Structures are given as structure tokens and as C-alpha cells.
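Sequence order for the protein chains is A and B. Under the numbering used here, think of the first position of the first sequence as 58, with each following residue one higher. Under the numbering used here, think of the first position of the second sequence as 3, with each following residue one higher.
Derived from the structure by calculation, the hints contain no laboratory data. Misleading hints may appear alongside valid ones.
[To be verified] Computed, partial: chain A to chain B, Cβ under 7 Å:
id, residue
1, LEU133
2, ARG350
3, ARG394
[Stated by the list, open to error] Covered stretches of chain A (chain B as the covering partner; in silico rule of three or more C-beta atoms under 8 Å from a C-beta of chain B):
id, region
4, 146-154
5, 397-411
6, 518-527
[Claimed, not checked] Computed from the model, here is a short list of chain A residues facing chain B with C-beta under 7 Å:
id, residue
7, ALA141
8, LEU349
9, PRO351
10, PHE352
11, HIS358
12, VAL604
13, VAL606
14, ILE609
Only a predicted model underlies this, so the values are computations on that prediction, with no experimental measurement involved. Think of the CB as a built atom: it goes at the ideal place given N, C-alpha and C, for glycine as much as any other residue.
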Amino acid sequence: MSLTAIISLVAIVLVAVASAVIGSVVHRTRLTSDFLVASRSVPSRLNAGAISGEYLSAASFLGIAGLILVQGVDALWYAVGYTAGYLFLLLLVAAPLRRSGAYTVPDFTDARLASPPLRRVCTAVVILICWLYLLPQIQGAGLTLGIITGLPDWIGSAAAGVIVVATVALGGMRSVTFVQAFQYWFKLTALTVPVIIGLAVWFGDSHTFARDEPPEFREPTTVSVETPVTLEAPRSVDVTVRGTVDGQPVDGPVSWTAGSAHRVATGTELSFAAGEPVPVTSGAPTDDESWLRPFTGSEQHQLLATYSLILATFLGTMGLPHVLGRFYTNSDGRAARRSAVVVLAMLGSFYVLVTLMGVLSRVYTPQLLVTGRTDAAVLLLPTAILGSGLVGSLVAGLVAAGAWAAFLSTASGLLVSLASVVSTDVLPGKGGLARRFPVATVLAGLPPTVVALVPTGLNFAEAVVLVFAVAASTFCPLLVLGIWWRGLTDVGAIAGVVVGGVTSAGAVTAAISGLQAYLPVATGGWVEVLLYRPAIVSVPLAFLTMVAVSGITRTRRPADAGQVLLRLHAPERLGLMRDRLDDRG
Amino acid sequence: MSSPAERSAGTIYEQVQASPEFRAFRGRLRRYVFPMTAIFLAWYLAYVGLASYAPEFMSIRVAGTITVGLLIGLAQFVSTFVITTLYVRFAERELDGPAAELRARVESGHQEVGA
Numbered sequence: 058m059s060l061t062a063i064i065s066l067v068a069i070v071l072v073a074v075a076s077a078v079i080g081s082v083v084h085r086t087r088l089t090s091d092f093l094v095a096s097r098s099v100p101s102r103l104n105a106g107a108i109s110g111e112y113l114s115a116a117s118f119l120g121i122a123g124l125i126l127v128q129g130v131d132a133l134w135y136a137v138g139y140t141a142g143y144l145f146l147l148l149l150v151a152a153p154l155r156r157s158g159a160y161t162v163p164d165f166t167d168a169r170l171a172s173p174p175l176r177r178v179c180t181a182v183v184i185l186i187c188w189l190y191l192l193p194q195i196q197g198a199g200l201t202l203g204i205i206t207g208l209p210d211w212i213g214s215a216a217a218g219v220i221v222v223a224t225v226a227l228g229g230m231r232s233v234t235f236v237q238a239f240q241y242w243f244k245l246t247a248l249t250v251p252v253i254i255g256l257a258v259w260f261g262d263s264h265t266f267a268r269d270e271p272p273e274f275r276e277p278t279t280v281s282v283e284t285p286v287t288l289e290a291p292r293s294v295d296v297t298v299r300g301t302v303d304g305q306p307v308d309g310p311v312s313w314t315a316g317s318a319h320r321v322a323t324g325t326e327l328s329f330a331a332g333e334p335v336p337v338t339s340g341a342p343t344d345d346e347s348w349l350r351p352f353t354g355s356e357q358h359q360l361l362a363t364y365s366l367i368l369a370t371f372l373g374t375m376g377l378p379h380v381l382g383r384f385y386t387n388s389d390g391r392a393a394r395r396s397a398v399v400v401l402a403m404l405g406s407f408y409v410l411v412t413l414m415g416v417l418s419r420v421y422t423p424q425l426l427v428t429g430r431t432d433a434a435v436l437l438l439p440t441a442i443l444g445s446g447l448v449g450s451l452v453a454g455l456v457a458a459g460a461w462a463a464f465l466s467t468a469s470g471l472l473v474s475l476a477s478v479v480s481t482d483v484l485p486g487k488g489g490l491a492r493r494f495p496v497a498t499v500l501a502g503l504p505p506t507v508v509a510l511v512p513t514g515l516n517f518a519e520a521v522v523l524v525f526a527v528a529a530s531t532f533c534p535l536l537v538l539g540i541w542w543r544g545l546t547d548v549g550a551i552a553g554v555v556v557g558g559v560t561s562a563g564a565v566t567a568a569i570s571g572l573q574a575y576l577p578v579a580t581g582g583w584v585e586v587l588l589y590r591p592a593i594v595s596v597p598l599a600f601l602t603m604v605a606v607s608g609i610t611r612t613r614r615p616a617d618a619g620q621v622l623l624r625l626h627a628p629e630r631l632g633l634m635r636d637r638l639d640d641r642g
Numbered sequence: 003m004s005s006p007a008e009r010s011a012g013t014i015y016e017q018v019q020a021s022p023e024f025r026a027f028r029g030r031l032r033r034y035v036f037p038m039t040a041i042f043l044a045w046y047l048a049y050v051g052l053a054s055y056a057p058e059f060m061s062i063r064v065a066g067t068i069t070v071g072l073l074i075g076l077a078q079f080v081s082t083f084v085i086t087t088l089y090v091r092f093a094e095r096e097l098d099g100p101a102a103e104l105r106a107r108v109e110s111g112h113q114e115v116g117a
């Protein structure tokens, strides 16, 4: 095992142990979770660190840099969307939801509409969102371990799933504010160090992107293709092939002409000499000049895809269970607003660093453009820049540990949200929460771990956008209309959530499983775009359904809708909330 | 949430809800939140539209590698932060302040009734 691998493994183990130990120690001394005890005492800045720490997942840490590497300026929308989602959460949901006293969507619907069937539907959607969101986290952990040790990815994924389930079930890694805030600063450091070093080296290289040329290999490079790809050669390129290209077995040097495209099968090895231009996976911008400009790749309907991406990320954030729960730990609506500002600053600086990592990876790890495994960019960059000596290995270890911190914080936050819903709403029978919680954690955590062992071939950031689309099509309309429109009825809410959930999750399932190949419509058109990016259709559809069905079932409007809405919107300074708490004694 | 009985007619809630100050207050909130949401969405969507339909404009070089498109792209982070700060300042000035005044007035009125 190489020096890099040993250092990285040690760093990962340290992060995992530290998170589990700090989590369980603080947990034991406090006896109950933050949500019950500290909800009124967490300072907004610390809370903002915790929100950011829990939110920045493997998708943000690994995925976005990979997309920047391939797509260039177009991929900025992922980062902007993940950040701006908080703006819409803040504008439309944060303070009223805080005042409702509910910190999960099922609790909110109880307070607003008091409908057991609606609660069951919402519980199912929470489980769906958490499972879909857990998948890329677990796979991210597997990829990280696989890249540094050379082990198959599924070993790392399985280990990661078991670690998270075990520690959450045993009471460690609860949503302890301090641990989550620590993980934010750790992730930020793990990116800042390589970015500063990388930029210094890059300026020393006097490399520029303002040129009509593709990236080139800096040294002789051999890549092995693990998932089938179609490669476009922007310039004529000499490559030594061992494997299958365009359906033909090839063993030896070939020359790809400029502008040609080639299908490369799994298991094929491609060797390039230093200075050769880098072929890119088809659809992506080929030369550096167009990489810097929006919408220059050869993929179709990019405007539609981007609009749909924006809608999903802007409106999906408010529907994520682990995000909503965190906002409850603000002392009041005002503190919720203040911490949202700090969160935006924290997320913004993180995503600028991630973007710079993506830019640097285009210079120093261009071979990832060939394999398409761009999620690895952040992990490979330190040794690509610094070599695999002690310094390079130490920085690589820091980055690998940062990736695991990203995965652990998000996965445990999701699993805690998921397990609390499962233990209160799904598990039958009696017994205290303390006894049911571990069982619920195991039941909730195992399915995504098992499914994660099968590779999906999606970039992590793209996989997470699919989850955002589901959240934007279900909980966004429910929360927005529930908070702002007194005409919402239980039947309307159920209809809207079901319609939005079925269309978005259905499209996503079809896209991932490759069902679109069997569509009667020609692929490559807007249908395929909408399958990957359903939000632009499913979100308006869910809103319309909710409004229309609520209109038809007007008689079912709760009699106390006016009062509930008044409470949601009356600022704490109006005193209604405090009086209510005083009433309760 | 409390039981419906607690919220019956004539409670402090209904008194507050009926007061002109509260109506003005709610109107201010709505008139701010919904237009702002629409404007922000339009701002983001317009940028993407510009990138698609005016690529020449977006590829004007500002300095070296830096194009107009890249600058506006990075400005999205900044604008998100600016918009949020604006909203929070609005909320603290226009919502929290008047709400405190309204509460003081409601409570003094309430006490007079009670006494």
C-alpha cells in the first residue's frame, strides 16, 4: 500500500472516530438530543455552522468539482442552486415553520391540516427522499476509499453504510450542533489547503484557459475505462489501445482523427503520450475556450435542462428533512433569518473553493475527462500537483478525510431524520422511543446501503439533483401553500404530493434504470432531458393539482385555518407564540 | 397546537387578527415576499436565457481568461448573498419593529379590558 493510501486511511479513521466519540460523549452528557433541549439556546452563528456542516455532502465535496471539470461554466448552476435554495427556504418557509413548532413535514401537516392519511403520505415521501439522498453519500464514501486504496468501491460503500448505521443506532453522531459545525470548518480546511497550493503552482505554470485548445496530458498517462463511454477527439490524437473500441477488438497504436467520436467498452486501456490532446466524453465542451462559455457542449436542450435544474435546486432545499430539522434549533424566526444569512456566506465560500478545485483539475487531472469518473477529481488533485511524496500524501489524506467528513455528516443527519420518522410513524407496537430508535435506524439504513453497492454511473451532484427534484415536487408545494394559503385542504394536499411525487420519482427511476431506451419517442430529445430533470414539469403540476383539488373540496377546509396561519405569520414579538408556551405551563 | 376551543371567537388571536395594524403588517409581508420571490427567480432565469440567446455578449473578454459570462456566473453567489441580506434587513426593520409596537398596544388594551 502506498504512502498516500496509508496516510489517507489513517485520516479517514480519525475523522470517523472523532465524529462518533464527540457525538456520543456530548450526547450522553446532554441525555437528549438538541431538538428537545437546546432548541432555544444555540447561537445563530454556531447553528449556521451546523446547518452548513450537515448540508455539504459528498455531492458538494466531490461532485461539483467533477462537473466543473467537464462542463465548465454551465456547472456553476449546481453550486448556485444548492446555495440559493436557502434563499427561498428563508423567504417562504423558515420563520413560519419555526413558529409552527413543527420540525418535520409530517408534524407540520398535523398542525396545519390534522389529517392522518396526509401524515402517512408525507412519511412515505420523507423515507423516499432520505433513501435517494443516502445513495450518493454511501457511494461517495466507497469511491473515496476505492481511489486511495485501489479496493473495489463496494467494499468502502458497505463499510461506510455499516459504520453510519451502527453509530447512529448506538446513539453516537446525533445531530449534535457542535459536531456538525466542526465538520463544516474541517471540510472548508480540507479544500482551502489544496486550493491555495494548487493556485500557487498554477500561476507558476503560466497556464491559461483563453485558448482554442483542448486540455492536454502533462505526462504519459494510461487510463482504464470502467463504464462504457463515447469519446470525442477535438484534435487528432495518437492513442495505444488494449481492449474494444467501436465494437472492434484493438491491441496497439491507433490514430483518432479530429472531430471523430469513438465508443470505448468497459475494461479497455487507453495510453496517451505526454502533450497529446485529451479526448472528452461526448456532449461536453471540447476546448478550453468553449469550456469557459455557457452552453457550448453538443448536448441538446441545455436551456431546458438548466431551467429545470434551477427550479429543482431553488425549491427543493426547503423539502429536505435534515435541513428543516436544523432550522428548528434557532431560538425564533428572527434567529432563523439571521443564521440563514451566515449559512449563505458559508456555503458560498465553500462552493467557490470547490469550483476552483474543478478548474485546477482540468489542468492537472485531465485523464478523468476520458474515464468520465470525474467525481475523483478533488481526491486525485493533491498528488497530481504535489507528487506522491510526504507533502502530497498529507494533503491527499486531508482531502480524503474531508470527503468522509462530508459523507458522515450528511448521511448521519439524514439517517437520524429518517429513523425518527420510522420509529414514530412506521414501527408498530409499544415501547419507548429509546428502544425503538436503534431498530428503526437499522431498518432505515440497510436498504440504501445495499442498493448503493450497485454502481449507477451518475455523477454525485447529478444524483443529488434528482432528489431535489422530488423534494421540490412534493414538500415545496405543501409547505408554501400550507403556510401562505388558507384554502388548502387535506385532500388537495394528498393529491398534490402524490402527483408531484409519482411524476418526479417515476421520471428519475426511468432515467436511472435506462428505461428511456424503450420509449416510443426518439431519444436524445427533450423527453430524455425531462426524465433526468423532471422539476420543470412536475413542480408546476404538483402546485396546480394541490390548488385545483383543494378548490373542489372547499368544504373540507379546516375551521381553524385562519388562526393557524395567524400564528405562523405573527412575529414572536407579537407574543402569541410565547403566550401559547406559557399557557402550556 | 392548541385545541380549537382555545381559539374560539373573541380570543386574543382574533382581536389581533382583526386589528388594522395587523392587517397592514400582513399586507406588508405579502407585498414584499411574493414580488421579491418572483424578481429573484426572474433574475436567475434571465441570466441563463442570456447565456443561451446572447452568447456573443457572454463571451466578451474583460481581461485575459475572464469573460462577461464567467463574471455574471460568479456574481450569482454574490447576488444570492446580497438578496438575503436585503430581506433580513427588511424583516428586522419592517416586521420586527412594528410587531413589537403592535404587541405593546394590544397588551395595554388587553389589560384595560381585563381590569
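Hint-by-hint comparison with the structure:
1. LEU133: Hint holds; A/LEU133 Cβ to chain B Cβ min 5 Å, cut 7 Å.
2. ARG350: holds (5 Å)
3. ARG394: Given a least distance of 5 Å, the restraint on A/ARG394 holds.
4. 146-154: Contact hint for the region 146-154 of chain A vs chain B: holds, 4 residues under 8 Å.
5. 397-411: holds (count 7)
6. 518-527: Our answer is that it is violated, as 0 residues pass the Cβ test (under 8 Å) against chain B, missing three.
7. ALA141: Where the cut-off is 7 Å and the nearest Cβ of chain B is about 5 Å from A/ALA141, the hint holds.
8. LEU349: holds (6 Å)
9. PRO351: holds (3 Å)
10. PHE352: holds (5 Å)
11. HIS358: Violated. Min distance 10 Å.
12. VAL604: violated (15 Å)
13. VAL606: Nearest chain B Cβ about 22 Å off; hint violated.
14. ILE609: Since chain B brings no Cβ nearer than about 24 Å to A/ILE609, farther than 7 Å, the hint is violated.
Checked against the numbered hints listed earlier, the structure breaks hints 6, 11, 12, 13, 14; every other hint is satisfied.
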